[in-house]
Amino acid sequence: MTNRTNWPAPTCSTQHPVDFDIFWNTCQASLAPDDLHETEDFSSPQAAFCRLILQNGEDVLCARLLRPATPTSVLIDFHDIGRSARGHYYLSRYLPAGCAVLAPELPADAAVCCGAPDPQTPGGVPVLLRTYKAALRALRAARQLFPHLPVAVSGEGLGGAMALLCAAQSDAVTVCTVLNPLLLDLRTMAGAGAGGYYQPLTNWFRAQNPTRSRQEELFCALDHLDCMNFAPPEGCAFLLGSSRMDPLSPAAAQLALFQHSTSTDKRQVLFDKYAHERVNWYEDAQLEFLLQHLA
Amino acid sequence: MTWKPDDRSFLDSYRGTTPCPEDFAVFWAERMAEMNRVPLEWELRDGPFPARGSVRYQELRFRGADGSLLYAKYIRPASEQPVPLLLHFHGYPGATRSWLELTSYAASMGVAMLAMDCRGQGGASLDAASYQSTRASGNMILGLDGPPEQMYYVKVHQDIALLIRIARQLPGLDLDRVYVNGGSQGGALALATAALHSDLIRKAGIQYPFLSDFQKVWELDADLIAYEGLRYYMRWFDPMGLHTDEIFRKLGYVDTINFAPMVRCPVLFATGFQDTICPPVTQYAVYNRITSPKRHLLYPDFAHEEIQEFDDRLIRFFCCQGPDLWEEEEYV
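If you're matching them up, the sequences are chains A and B in order.
Take 1 as the starting number for the first sequence in my numbering and just add one per residue.
Take 296 as the starting number for the second sequence in my numbering and just add one per residue.
Derived by calculation from the structure, the hints in this document are not laboratory data.
Here the structure is a predicted model, which means the values were calculated and not measured.
Keep in mind that the hints are not guaranteed to be accurate.
[Said to hold, decoys possible] Which bits of chain B does chain A cover? Going by a derived footprint, with three or more residues having C-beta under 8 Å, they are: (1) 316-324; (2) 348-354; (3) 358-368; (4) 382-394; (5) 498-511.
Glycine included, every Cβ here is placed at the ideal spot set by N, Cα and C.
Please work from the sequences and hints to get the whole structure.
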């Protein structure tokens, strides 16, 4: 909550589908097992810096993996739209908290990700659902590689959605740190005339459904992917960083997401004059949070 | 102007346009000697995070020669053995990055890291100096109307000299392995530090250095964004270009291209060809003037931005202790 007058009231249009739990249970159950192949790029006394391939059939998911000698937790770092997984140097920032680090290369190209919708398919946008499933595969791999270790998840933007998904779907996730998650409040963000990241949805409506008569059908499907429905539960410590000027992750919805989380150990940090960008002070809050909960 | 890798034949031979003052070496020897006479006043305290995990976070506060209160972040691995020290410098006009981001040095390389906030910019270091010049548009041209020893970046280099004197007193550091690193302004400061303290600095990781070849920047009309102060100054105080020789000669005292020949350590250097803030040609001028062992990594599709492949290369560059610094991947 905030009493700053320049922040909106918490509000979000997302609905909670009645079949939400069944939907995600089915998604998880339908994931084919992955074979894990690990190779080392190089090593230092601090860690082995590796590449991991998750393969089932022709579906390949690549990831970076940092293995310290004696990890006490595993952290999964999910990247944002329009970029690749972070490099070894970046990911090493989590090592001092005792973490092994896994960073999957999500199929999250900015142009493709919010791509061609199909309201009749699960989730409403097939490429998006594939991205979400990749996050679940990464979570499964982390638990296979480091059984019995607590899992932390971290992400910005779309990576934030992946982190929230994992936190909501698995009791093994005990810490979730997120900055400006998207996709959030899709019913508002993908409404009539939506541009930018949501332009592909607008283009689809213009071409296939100019009167938007199928909008509710699509939004009902997209509700299954909306971050609002992945608010971290009671057993997961939750840090949310929110930029008031972020055009992709609305401030009002982020406030609502934070309120909605039933986590008993949660913190939100607010940044008035920041947009969809890295924030030094979020990172400092994140470090403090991770050290407090993991080290 | 955009550059392509095809322009290499020109770029590889280009050595800069900004003149080098005749007394450059003497000038800087005197500036460093001044700092050796300054009584040190400093304090090291626990940082904002608990001593948990495998690194320690501390804050260093110290006085500049003119009384300015200066600040640096200090992050070091929890180690019984002496560890190398890396001096990291930040971009312009900014501040040291987050504690989390800077943790990567200790975490990936096992080095202690000192990162100073440049006085009067976006961090915690204050600037008590008075300058003879306009203050419009940032610190780059501060002091340009006065004697060269009073210019802003001369003071920054003197602050760094004091920082190094303090670093020599910190326990648990292997002073035979002191390195420098930075991007943009940080790259310029890192390279100049390697030049001014060539007896101490053993390796330099330099990324798209700012403060390089000022005259070329001006001639290219690239005096925008980070170099904007130069355009303001010239428009207001030398609109007809009657004093460019004098102005660029004075800026020559803080131009990275003039520090480059003084560097003695190996240098790993990165340039993004789409860089519109620090023109690649000015970076080449710096690189081409370095006479110590060096490698230039080119990233054709990258601009003035994080280049994570270069960051990952730095891990191996700073960790490698083998005789073949560039090819061998041995770690100590």
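Structure-based check of all given hints:
For the segment 316-324 of chain B, the proposed coverage by chain A is not satisfied: 0 residues have a C-beta within less than 8 Å of a C-beta in that chain, short of the threshold of three. Under the rule that three or more residues need a Cβ within less than 8 Å of chain A, the assignment of the segment 348-354 of chain B holds, with 3 such residues. Judged by the Cβ-Cβ criterion of 8 Å, the segment 358-368 of chain B is not covered by chain A as claimed, because only 0 of its residues qualify and three are needed. Figure legend: the segment 382-394 of chain B, annotated as covered by chain A; annotation consistent (4 residues with Cβ-Cβ distances under 8 Å, at least 3 required).
With 0 residues carrying a beta carbon less than 8 Å from a beta carbon of chain A, the segment 498-511 of chain B misses the three-residue requirement, and the given coverage is violated.
This entry does not satisfy hints 1, 3, 5, going by the numbered hints stated previously.
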